[in-house]
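Heads up: the sequence shown begins at 10 in our numbering, then just goes up one per residue.
Heads up, some of the hints might be wrong.
[Unchecked claim] With a straight-line cut-off of 25 Å between C-alpha atoms, the simulated BS3-like cross-links for lysine-lysine are:
1) K228 / K253
2) K253 / K220
3) K125 / K82
4) K110 / K125
5) K82 / K65
It should be emphasised that the hints constitute simulated quantities derived from the structure, not laboratory data.
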Amino acid sequence: MRTALRTALAIVALVGTATASVVTATAAGATTASSTSTACIATKTIPSAFGGWKVKLVNSADSGASAKLLDEKGHVVSTVDQSRPVDLAGGLRITGVLSAKPVFGQRSEGGPTPWKSTAFPVLSADCTQSGKLVHTLRLDSRTAAQIFKVSAGHYQARVYQSGKLVRFIDAHGRAGAALFGSRTLVLNPDGTTVTWTGAKTAANPRLGRYKLANGATVKLVKRAGVYGAQLTTGHGTFSVEYAKGRPSVQQDDVTLVVLGADGTLSGHVYGEAQKPPVYLGA
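Construct the complete structure from the given sequences, taking the supplied hints into account.
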């Protein structure tokens, strides 16, 4: 049965070669792990139940746990995630795909064969949803945000589109934010929110100064591969805030600026028609 199953999976791998992801193979039997807590993503590669193959485990606050079965050439044979947490044909499953402690299970044969379990790499506390659900914010016909109260001055949010988790926000003592599609959502540490559509630049914009709808300016910089933004309003110039993995938020009394990890700038001015930041030059 194991031989037949592996043959079937190999056929699937060949069919999907055109869109397959490639990873660097590690020595047989080795386990590698890496974690980027600031981005709320943790990864680990483990041996597959099929000799010579690997499984890449990814735990993401934005999209939950996922696992990719990789053949000896690094081609993706099968994937399980929040959309499909179980693949019986591939011998893969995830228990608690959106929980704080998801568990990966694999086996090389079906029927009564027991599953071999492996815990996903853990995320830091500020990347793990906790607290009590206090309300759900409906953003549009297919998008909603669940707001959780962790403690005084600490709120979190999970954003769902068509029932699928797409973003996670942590606001602990300072505002957190998420950019997805054309929308920006800011969550304050008191649980209040501000959201708007449009009014943002494309990813990886030019470095330099940008003007917002009320004349305030934002200087986009980059240091060691990380984008930073510096807001200047009528009250003065703020310090540079870097978006290391997660969006950063700067705000004055009527001005909000969100910087995404990919350099996207999104501006909101209270009482003004929202417009994308305009590039002024270096």
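- Is the hinted pair K125 and K82 satisfied, with a Cα-Cα distance of at most 25 Å? holds, 23 Å
- Query: Between K110 and K125, is the straight-line Cα distance small enough, at 25 Å or below?
  - Reply: holds, 16 Å
- Query: Regarding the pair K228 and K253, is the alpha-carbon distance no greater than 25 Å?
  - Reply: holds, 17 Å
- Holds or violated: K253 with K220, Cα cutoff 25 Å? holds, 23 Å
- Item | 25 Å Cα cutoff - pair K82, K65 | holds, 13 Å
Violated hints: none; the structure is consistent with every hint.
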